[in-house]
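Please construct the entire structure, taking both the sequences and the accompanying hints into account.
Protein chains: 2
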Amino acid sequence: MKQLRAAVLRPEELPTKWYNIQPDLPEPLPPPRGDAQLKSLPDLMIGECLKQEFSTERWIDIPYELQQIYIQAGRPRPLYRALNLEKALGTPARMYYKSEFYSPTGSHKVNTALAQCFYAREAGFERLTTETGAGQWGTALSYGCALMGLKCTVYWVRAVYRWKHERRNLMQMYGSEVFASPSNKTEAGKVLCSKDPEHPGSLAIAISEGLEAARGDKKVAYSLGSVLNHVLMHQTIIGLETQKQFEMFGDYPDMVISCLGGGSNFGGFAIPFLGDVLTKKKKIKFIAAQSQAAPNLQGEYRYDYADHAEITPELKMYTLGHKTDFPPIKGDGLRYHGCSPIISLLRDKGYIDTIAYPADEKHVFERTREFLRAEGFLPAPESAYSVACAIDEAMKCRASGEEKCIAFNISGHGFLDIIGYSAVLGLTMD
Amino acid sequence: MKQLRAAVLRPEELPTKWYNIQPDLPEPLPPPRGDAQLKSLPDLMIGECLKQEFSTERWIDIPYELQQIYIQAGRPRPLYRALNLEKALGTPARMYYKSEFYSPTGSHKVNTALAQCFYAREAGFERLTTETGAGQWGTALSYGCALMGLKCTVYWVRAVYRWKHERRNLMQMYGSEVFASPSNKTEAGKVLCSKDPEHPGSLAIAISEGLEAARGDKKVAYSLGSVLNHVLMHQTIIGLETQKQFEMFGDYPDMVISCLGGGSNFGGFAIPFLGDVLTKKKKIKFIAAQSQAAPNLQGEYRYDYADHAEITPELKMYTLGHKTDFPPIKGDGLRYHGCSPIISLLRDKGYIDTIAYPADEKHVFERTREFLRAEGFLPAPESAYSVACAIDEAMKCRASGEEKCIAFNISGHGFLDIIGYSAVLGLTMD
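Protein chains in written order, with the numbering used here: chain A, 1 to 430; chain B, 1 to 430.
Careful: at least some of the hints might be erroneous.
For identical chains, the list gives no copy identity; a pair is met inside one copy or between any two copies.
[Stated by the list, open to error] Below, a list of computed lysine-lysine pairs in the DSSO-like style, where the Cα atoms sit at most 30 Å apart:
id, residue 1, residue 2
1, LYS285, LYS151
2, LYS285, LYS316
3, LYS244, LYS2
4, LYS218, LYS39
5, LYS362, LYS218
6, LYS282, LYS244
7, LYS39, LYS285
Think of the hints as simulated: they come from the structure by calculation, not from any bench.
Below, the structure written as C-alpha cells:
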C-alpha cells in the first residue's frame, strides 16, 4: 500500500505571517511587573520585538526579505510519518515528526534568531548580546548576526562552555566573541567570580550578563532566545507549517508533544494547534516533556524574574525560583527555572500536561536510540525528551489498541552532542 | 527584485531511475582485470550490485520501496542559489549549491548505502562488512544496515579512528561493530599489525580487511562506498535532481564543481551533466577539487588494484599506486590512491579538469569560512574543497566580468569535524 512518508512544502508555500495567540487566550496575559525594569527595556531591546511582545494583533506579517532568508535557511522543513518506527514499536498509533534538525546551526533557534537579527539591522544596531545554555541559541544568534552583518557577544554558562569546545569554535567561525559566564566583563559576573573564579554559572546569570552588556550603548541590543512572547511567536512558523502538512497527509493530531525548557520550541510547535483548540473547538492533548532536574511546569505559578540579577521585569510564570541551582544534565537546554508566560497561562488553565523524566536520562536516551535505528536521525539531547515521550505514548496505544495520531517536534540534531549520549549509554570513549 | 533562492522538489518528483552513463561513454569502459579476483566477486558482493556494475542499460529502475526510503532520508534535497555569497564576493557569477549536507548521517553516502543495504536484505544477507576513511561512509552504511535490519562491521583507518570518537560512537549507536584498521581480525591486518601494532592504516588496507571478512561466509557481503560503477550510478540521484531544479530556476550550469576522492560525490553530481555533454552537445566545464596530499587525477592512467592486499581485480584508473602512503589531512575522504574508472576515462578523454589544493588546507578552510558566514552552512572538510573551488572560480568571474553559472555540490556537513577546522584556522580548543 502506498503511504505518504513526507509532506514537503515548496518555498512559495512558506507561511507569510506569524500567529500571535494573545488575542485568543482564555484571559489576558498578566502583564510584566517592575517599574524600573520595565522602563529600561526600550534601551535594551530591539524596538520591533518589544512592540511584538505586547501586540494583540492575531497575525503579524513576516517581512518579505525575512521570508527569503527563512527559505535560504531551509524552511519550510518536512513533516515525516514515522512508518519505520511505528512498525518497530508494533503500535497502531500514527506518528509524525517535524524536522527542525534540518537547520543550518542544528536547531529551531534560527527561526527567532533570524527575525531578531533582521529587526536589529533595520533599527541600525551594530551588535547583539545574549546568553546561551546548551549552546544552540548562541550558535543560532551567531549565525543570524553573520548573515545580517552584525557583531555578536555570547555569555555561555561556564559548566557547558568548558566542554563544548566544538560548538564554541563554530560560534567563533561565524565571527562571534564568546565568554564563559559568570565573566569578569560585567558587574553581575564580577560579583560571582570574586566568590568563585570557576563558578559554573546558570542561564539566569548569563541572561543578567547579556542584559548588562547591552545597557547604555545605543548601538547594542540584547536578544533572548526563549520565554518571551515575541520569541514564541517567531517560532509559530513551525506549527503553522505543520498544520499545512497535516492537511497534505489528510490527518490531524490527537496529541502534540515536545520538550520544554523556556518554552520556545514547544510553543512554536504547539501554539497554532492550541489556537485550534481555543477557537475551533478541536480536541488535542498537549504534553510538555521535561527533566526532573528542572521541572519548571511543576513549580509555582507566580511572578518571578527571568534572570539572576533581577534586571528583567517580573513575569507571571511557572517557576522554580530564579536563584535556584539545577543539577547538570546532557539536555542542558531544559535546565531553566521558568516557563514562558503564554505556556504557563495555558498550563494553569488545564490545556497542557507535563511529564518529567529522571535526571539520569537513561530512559530518554534509550528511547531515542530506538528512534535513531528506525528512522535514522539523531535528535539533540533536548529533543530526545520529545522522542521518548512520543514513543511512550505510542506504546500506551499498543497496550490499549487506540489508533491515535501523535505529532512530535524534533527541535534539533545531536551531531554536536554525541559525547553526552555516549556517557549515558555507556559507549567507549577512549 | 524577487529572485528564487531555493528549488525544492516534492517527494513525488523524486527521480525514479538512476542514470547509467556506460552506454553513453565515448568508448567502452576498459574491463577489470585478474582472473582469480574476478572469480571471487560473486562470493563477496551483493548480486544485484555486481549486475549493475557491468550493466549497459542507460536507465535502471529505483525499486519503489527504496524510493520511499530515499524520501524518508530527506530526498529530494534542495538546490540553493547562493545569493548572499555572490553579494559578499561581489561576483557577477550565479552560484548554486546542492544540499547533500541535509542527510541523516551527514553526507551523500546514504544514497548508495541505502541501495546496497536494500539489495543485500532482498538477497538474504545478514551482515555487511566495509571500510571507512573519514568515517562518513561507515556511518552511512551503519545507518542503512540499521534501517534494513542487517548487522554491520566497519574497518576504520586507525589514524582517523583514534580521534573521531564521536563518529565512532554514532556508528555504534546504529548497532555496528567498529574496528581500527589494520586489525587482528583478518590475515591482511595481522601481517601489518605484527610489524607495527599501532600501524596508522590506509583506505586500501581497510578495504582489504573488509573484503577478507566477507570471504567464505554466504550470509556476509562486502560493500564499497565509492569508486565502483554501481556506486556512482546510485549517486546520480544527486545530479538528476539538480537538473530538474535548474529547470525550476530557468538556468543551466556553465561549470560543475565538486571535490573528488574515490569519485562518488563528484560522479553522482556531475555524471547526469556529463551525459548532457556527451549526448546533447551541451558545453560545461567540470572541475574535480582535490588535495595535493593525494591528487590521484594527476597520477597515471593505468591498471591498478583498489585495495592494499590485491584482493580486488585491477581497474583501469588514474592512480598514485595502491601501496602509497599519504600525509594526513582534515579532508580524509580525499585521501585515496585511485579514482573511479568512469571518471578516469572521462578525464583521460579531456572532459574533466582538476585542481589540487595545498595540503595545509588553509586556503580551502578560509574560503569555506566565507561561505559559512554568508550562507550559514558548515560543509564537511571534503566538501570545503568544492566550496573553495567554486569561490575561486567566482572570483575569476569578478576579475573578468563574466556572468557564469557555477553549480557546486556540498557533499556533507562538518558538525563532526569542527576540531579539524579549529586546528587549521587557529581557533582555541582549550
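Going through the hints against the structure:
In this assembly of identical chains, the alpha carbons of LYS285 and LYS151 never lie at most 30 Å apart, being 42 Å within a copy and 39 Å across copies at closest. In the homo-oligomer, the alpha carbons of LYS285 and LYS316 lie at most 30 Å apart inside one protomer (24 Å), although the nearest pairing across protomers, at 62 Å, exceeds that limit. In the homo-oligomer, the alpha carbons of LYS244 and LYS2 lie at most 30 Å apart both inside one protomer (21 Å) and across protomers (24 Å), since each shortest distance falls under that limit. Proximity of LYS218 to LYS39 under the C-alpha cut-off of 30 Å is restricted to the intra-copy arrangement: shortest distance 15 Å within a copy versus 76 Å between copies.
Taking CA atoms no more than 30 Å apart as the test, LYS362 paired with LYS218 passes in neither setting, with 47 Å inside one copy and 38 Å between copies. Proximity of LYS282 and LYS244 under a CA criterion of 30 Å is satisfied intra-copy only: 16 Å inside one chain copy versus 40 Å between copies. Neither within a single protomer nor between protomers do LYS39 and LYS285 lie at most 30 Å apart by alpha-carbon distance, with minima of 39 Å and 61 Å respectively.
Comparing the model with each numbered hint stated earlier shows that hints 1, 5 and 7 do not hold.
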